[in-house]
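Here are the chains, one letter per residue:
There are 2 protein chains.
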Amino acid sequence: MAQTAAKRRGRFGLAVVALGWGLGWCLGPAQAFDGIVEKQRFVLPSYTTEGGAVIKSVQVGWESYGTLNEARDNAILITHFFSGTSAAAGRYQADQRRPGYWDEIIGAGLAIDTDTYFVISSDTLVNLNANDSTVITTGPASLDPDTGKPYGLTFPLVTIRDFVNVQKALLDSLGITRVHAVVGASMGALQALEWAAAYPAMVPQVVAVVGGAAIGGWQIGWLDLWAAPIVADPAWNHGEYYGGNPPLAGLTQALRLVTLSARNWPNVDGDFGRRWASPGKDPRATLDGRYFVQDWLDQAAAGRAALADANHFLYLVKANQTFVAGGEANLDAALGRIKARVLLMPAEGDHIFPPETIAHQRDLLAAQGTPVEYHVIPGTLGHLNGIVNIAQGAGILKAFLDRPTP
Amino acid sequence: MAQTAAKRRGRFGLAVVALGWGLGWCLGPAQAFDGIVEKQRFVLPSYTTEGGAVIKSVQVGWESYGTLNEARDNAILITHFFSGTSAAAGRYQADQRRPGYWDEIIGAGLAIDTDTYFVISSDTLVNLNANDSTVITTGPASLDPDTGKPYGLTFPLVTIRDFVNVQKALLDSLGITRVHAVVGASMGALQALEWAAAYPAMVPQVVAVVGGAAIGGWQIGWLDLWAAPIVADPAWNHGEYYGGNPPLAGLTQALRLVTLSARNWPNVDGDFGRRWASPGKDPRATLDGRYFVQDWLDQAAAGRAALADANHFLYLVKANQTFVAGGEANLDAALGRIKARVLLMPAEGDHIFPPETIAHQRDLLAAQGTPVEYHVIPGTLGHLNGIVNIAQGAGILKAFLDRPTP
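Going down the list, the sequences are from chains A and G. Just remember that the numbering used here sits 5 ahead of the position in the first sequence, which is counted from 1. Just remember that the numbering used here sits 5 ahead of the position in the second sequence, which is counted from 1.
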């Protein structure tokens with residue numbers, strides 16, 4: 006039985022193709038899902054946000070890998086990153102080109118072992134990819150049941166706590182009162198730590214990959230810079246573009262910024278260097294002459310923008326900017342709420358959550374007596390190491406998860 | 006005689022005020038300028054660019070501190086950064102709020118000792134601050150003598166070599182055939198290394214602060230992201246905005262990106278953290294609710310944009326993107342041309358020229374037998390350490406400059 010995922014990395018680093026996943030593996034009975042993932046819909050007739058607003062008919066997508074045991078105590082919740090979805094592992098169709106983003110660590114015998122755990126992953130509220138047919142989310146692009154029209158900016162602001170509360174309602178609906186762990190990367194790490202701060206009795210341990218327990222001024226500033234091109238795009242029209250032309254230019258520029266911010270120089274210099282966009286067209290000859298890295302940014306961002314919604318991007322920016330775990334005023338207070346066993350996994354060269362800032366959080370947790378482990382994921386990709394190079398942290402992660410919970 | 010500059014750092018880190026500079030110091034005869042700097046104009050009736058275009062009546066501003074000796078061999082040329090000007094030291098008027106950007110290292114008895122050296126600093130071609138009355142430059146915002154109208158995008162592309170060639174013509178006009186050193190920060194470091202590659206007989210030594218000998222893919226990508234808001238601003242109008250409304254929104258957003266890129270998280274988290282923009286106005290309450298760091302970015306960028314020209318910004322981006330010292334194809338070849346003694350001074354936490362990339366250049370220079378020294382300027386400010394914390398490298402710099410030239 007094949008227990009490892011062969012992989013091939015494409016030019017752009019993200020084309021991680023797991024061969025054999027759902028394509029004829031001999032699956033033993035311990036393997037609880039056959040590699041074809043079924044996206045499911047969770048509906049809450051009404052949800053009241055942290056800010057006190059009521060949203061009717063909240064819907065989010067979710068999926069699972071592995072089997073919930075009779076005690077219902079073997080669940081691992083996976084929380085996704087800013088531009089992510091619930092698709093953490095496997096494929097929705099056998100011919101789907103890319104598997105889930107953490108396919109290298111979620112599966113039978115892998116770090117997050119689907120022979121042992123019931124792994125559950127959900128789309129967040131205001132998920133960025135509102136135009137991806139596999140995503141189920143509720144946000145500004147959703148129809149307001151009261152008007153039959155998209156909410157636009159009438160959708161209430163939501164927070165990381167709101168994402169967590171909807172996930173909690175989902176777990177409640179499955180009869181899960183205590184998880185084995187919450188594990189997430191980047192904005193998923195924020196959710197994992199928020200889970201620990203908000204529902205300590207439900208969460209004995211959390212894994213925060215390339216993320217931490219509060220957003221600081223550096224990150225607030227960068228999130229603003231990411232959002233600015235959307236607001237500057239006349240097509241944004243204060244969020245009123247549904248049924249018309251969405252602010253695709255602004256959204257694409259926002260995603261160009263996200264794309265480069267999430268990388269690091271050794272990868273970008275190595276992959277693209279000073280290569281020209283077109284072999285015969287010297288970029289030195291004209292003001293708009295281009296290098297390959299510029300075209301790559303265009304293409305990577307355009308592909309992402311086609312599935313994304315600009316208002317959802319802005320709501321996600323706000324949810325991230327306002328984040329301090331537990332709704333506290335600052336990092337120290339946020340960490341004071343966290344009693345779960347914590348594994349922090351920053352990544353080498355991460356410009357969004359610099360490893361030094363995460364090491365500082367480790368030190369504060371340790372000083373207050375919270376059990377904490379720390380492992381830097383190596384690699385050339387910066388923040389993106391937390392997804393693409395997650396296999397470099399698989400051994401640490403597996404050891405952390407397979408010990409008895411505190 | 007006071008030989009140190011007392012300083013006070015304002016909220017924004019850049020408000021370095023040297024007290025006493027030109028304000029009543031007891032100046033001995035060895036001090037060759039009285040603290041009031043005279044901006045001068047250098048005119049070339051015609052200049053042919055590296056690309057072969059002819060520009061009539063090229064003008065750049067310049068200034069000097071100290072006295073050129075009879076042998077005319079004591080000149081140190083200072084080359085400025087992307088958003089900089091020739092104003093490296095001193096004041097144009099006694100009541101000027103901020104002195105030159107390197108006032109802490111240029112002066113009598115300082116690292117670049119004006120008692121010993123004739124320090125000369127010039128505005129580049131296509132200087133960003135075309136609307137600053139103290140700046141003299143030639144670029145898209147200049148009047149084309151043939152039409153009497155601003156060049157706009159009919160101005161030919163220029164390169165770092167072109168900046169250097171105009172500086173060389175200026176030095177030629179002063180009878181300087183060999184300098185003591187060329188010293189510059191960031192884009193100024195590019196010019197310093199270009200000087201060494203292009204005119205090795207004239208340049209026995211160079212100091213490259215927070216910059217290197219070639220621009221890589223990471224930097225090309227970021228420069229593109231900086232420029233994009235200008236091009237996206239409808240007011241830019243393909244560079245045709247003179248006499249109308251300039252693309253101030255796009256230019257401001259470009260300068261917001263530059264401003265944050267040039268810093269680092271310890272400074273921004275420390276100075277601004279999660280502070281609100283307005284004490285009574287919770288940023289969590291509304292989508293456009295703001296944190297202080299966001300307003301700071303606005304104000305810092307708006308102040309810079311008021312003096313800047315958008316087309317000049319784009320021409321500078323192009324000049325930087327296309328830079329490889331000596332016009333070579335890659336970094337290895339560029340370094341192969343450099344025989345001068347080199348002092349590399351990257352800065353801690355620099356996201357624009359990461360210290361590791363400069364250490365790599367040191368290793369390549371050393372391997373080819375070029376004498377090279379390397380010192381990381383410490384500090385919380387990232388790239389900006391190369392300006393604001395330059396005093397941290399003053400001792401190293403002074404020792405480097407005061408030895409006999411190779």
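Be aware that one or more of the hints could be misleading.
Unchecked claim - Computed from the model, here is a short list of chain A residues facing chain G with C-beta under 7 Å:
no.	residue
1	G249
2	L253
3	Y296
What the hints assert, rightly or not - Some residues of chain G that are not near chain A, with every Cβ distance over 12 Å (derived):
no.	residue
4	Q45
5	N136
6	K173
7	A174
8	V329
9	H356
To be verified - Derived list of chain G stretches under chain A, where covered just means 3 residues or more per stretch with a C-beta under 8 Å from a C-beta of chain A:
no.	stretch
10	141-155
11	285-293
Keep in mind the hints are simulated off the structure, nothing from the lab. Idealized CB from N, CA, C, for every residue including glycine.
Going through the hints against the structure:
1. For G249 of chain A, the interface hint is violated, since its Cβ never comes within 7 Å of a Cβ in chain G; the closest pair sits about 18 Å apart.
2. A least Cβ separation of about 12 Å between L253 of chain A and chain G goes past the 7 Å threshold, and the interface hint is therefore violated.
3. For Y296 of chain A, the interface hint holds, the least distance from its beta-carbon to any beta-carbon of chain G being 5 Å, beneath 7 Å.
4. Non-interface call for Q45 of chain G relative to chain A: holds, since the shortest CB-CB distance, roughly 30 Å, exceeds 12 Å.
5. Distance check on N136 of chain G: its Cβ is at least 20 Å (rounded) from any Cβ of chain A, clearing the 12 Å threshold; non-interface status holds.
6. Distance to chain A confirms K173 of chain G as a non-interface residue, since its nearest Cβ pair spans about 21 Å, more than 12 Å.
7. Residue placement check: A174 of chain G keeps its beta carbon more than 12 Å from all beta carbons of chain A (closest about 22 Å).
8. The claim that V329 of chain G lies off the interface is violated: its Cβ sits roughly 7 Å from the closest Cβ of chain A, which falls inside the 12 Å cut-off.
9. Not every CB of chain A lies more than 12 Å from the CB of H356 of chain G, the least distance being 6 Å, so the non-interface label is violated.
10. Given as covered by chain A, the stretch 141-155 of chain G fails the check, having 0 residues with a CB less than 8 Å from a CB of that chain where 3 are the minimum.
11. Coverage of the stretch 285-293 of chain G by chain A holds in this model, with 5 residues showing a Cβ closer than 8 Å to a Cβ of that chain against a need of three.
Of the numbered hints stated above, those contradicted by the structure are hints 1, 2, 8, 9, 10, listed in ascending order.
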